[in-house]
Amino acid sequence: MVNERRWLWAIFVLYFILGVGYSLLMPIWEAPDEPAHYHLAWRVARKGEYATQDLNYEANQPRAFYYLGSFVIRALDKIDTRYSNYYLPVEFKFNLGVRERRFDWNDGNYRFLLGVYALRWVNLLFGALSLWLNWKIFKMIAPDKPT
-10 MVNERRWLWA
0 IFVLYFILGV
10 GYSLLMPIWE
20 APDEPAHYHL
30 AWRVARKGEY
40 ATQDLNYEAN
50 QPRAFYYLGS
60 FVIRALDKID
70 TRYSNYYLPV
80 EFKFNLGVRE
90 RRFDWNDGNY
100 RFLLGVYALR
110 WVNLLFGALS
120 LWLNWKIFKM
130 IAPDKPT
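Following the numbering used here, the numbering of the sequence shown begins with -10 at its first residue and continues without gaps.
Just so you know, the hints here were simulated from the structure itself, not pulled from any lab data. Hints are supplied without guarantee of correctness; some may be wrong.
To be verified - Distance ranges between label pairs, derived from CB positions:
#, residue 1, residue 2, range
1, Gly116, Tyr56, 13 to 23 Å
2, Tyr76, Tyr46, 11 to 21 Å
3, Val2, Ile130, 16 to 26 Å
4, Tyr11, Leu118, 11 to 21 Å
5, Val2, Pro132, 19 to 29 Å
6, Tyr4, Gly37, 28 to 38 Å
7, Ile126, Tyr56, 39 to 49 Å
8, Lys67, Gly116, 40 to 50 Å
9, Ala53, Leu3, 37 to 47 Å
10, Glu(-7), Asn112, 22 to 32 Å
As the list claims (entries may be wrong) - Simulated pairs of lysine to aspartate or glutamate, EDC-like, Cα-Cα distance not exceeding 20 Å:
#, residue 1, residue 2
11, Lys128, Glu38
12, Lys36, Asp66
13, Lys125, Asp22
14, Lys36, Glu47
15, Lys36, Asp69
16, Lys67, Glu38
17, Lys134, Glu38
None of the values given here were measured: they were computed from a predicted structure. Positions of the beta carbon are idealized from the N, C-alpha and C atoms, including for glycine.
Kindly produce the complete structure, drawing on both the sequences and the hints.
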C-alpha cells in the first residue's frame, strides 16, 4: 500500500511539473484551438451568453468547462480586465502544421494574458482528476493486482 501511494504521488508530481512547464513554455494561442476555446469562456464571462456555431467553430463542445472557465475570467476581471482580454495578433495561417511561429508576437504587442494560463491550469486540474479516477477504477477492476 505504501509503495502504491508513492507511485501515485510520483505520477501526480511528474504530471504537474510537466503540465505547468509546458503551459508556461508554450506561447499563447499556439496550443491546438486555444484561441477558439478561450473565446468561448471569455464570451460567457463578458457577454453572459454562449457563442453560436457560426461565431465559433468550437461551440459544439460540451459547455461545462467554458462555464467554469468563465468564473475564472470573471475573477480576473475584478482584479484587472487586461489580464483576461481576448487579443489575437496577426496570424500566419500558412504556418499551421509547420514548426514556425504562428502569431506575430513581438516586444511591442506581447501581453501576458493571465486568463489563458489560468484556463490552462484548470485543464491540468481536470487531467489530474481523470488520473485519479482511472486509478480508482483500475483498483476496482483488479483489486488483487498491483497497480
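For each hint, the structure was consulted:
1. Roughly 19 Å separates the CB atoms of Gly116 and Tyr56, a value that falls within the hinted 13 to 23 Å.
2. Between Tyr76 and Tyr46 the C-beta distance comes to about 19 Å, which sits within the given range of 11 to 21 Å.
3. Between Val2 and Ile130 the C-beta distance comes to about 25 Å, which sits within the given range of 16 to 26 Å.
4. For the pair Tyr11 and Leu118, the supplied restraint of 11 to 21 Å holds, since their beta-carbon distance comes to about 18 Å.
5. Checked against the given bound of 19 to 29 Å, the beta carbons of Val2 and Pro132, roughly 25 Å apart, stay inside it.
6. Between Tyr4 and Gly37 the C-beta distance comes to about 34 Å, which sits within the given range of 28 to 38 Å.
7. Distance hint check for Ile126 and Tyr56: the Cβ-Cβ separation is about 26 Å, which falls outside the suggested range of 39 to 49 Å.
8. For Lys67 paired with Gly116, a C-beta distance near 27 Å fails the hint of 40 to 50 Å.
9. Taking 37 to 47 Å as the suggested C-beta distance range, the pair Ala53 and Leu3 does not conform, at roughly 27 Å.
10. About 27 Å separates the C-beta atoms of Glu(-7) and Asn112, a value consistent with the hinted range of 22 to 32 Å.
11. A C-alpha spacing of about 41 Å is found between Lys128 and Glu38, which places the hinted pair above 20 Å, so the restraint is violated.
12. Restraint check: the Cα-Cα separation between Lys36 and Asp66 comes to about 13 Å, which is no more than 20 Å; the hinted pair holds.
13. Of the pairs offered as hints, the one joining Lys125 and Asp22 is violated, with about 31 Å between alpha carbons and a cut-off of 20 Å exceeded.
14. Between the alpha carbons of Lys36 and Glu47 the distance comes to roughly 17 Å, so the proposed pair stays at or under 20 Å and holds.
15. Of the pairs offered as hints, the one joining Lys36 and Asp69 holds, with about 17 Å between alpha carbons and a cut-off of 20 Å not exceeded.
16. A C-alpha spacing of about 19 Å is found between Lys67 and Glu38, which places the hinted pair at or below 20 Å, so the restraint holds.
17. Simply put, Lys134 and Glu38 have alpha-carbon atoms about 48 Å apart, too far for the 20 Å limit, and the pair is violated.
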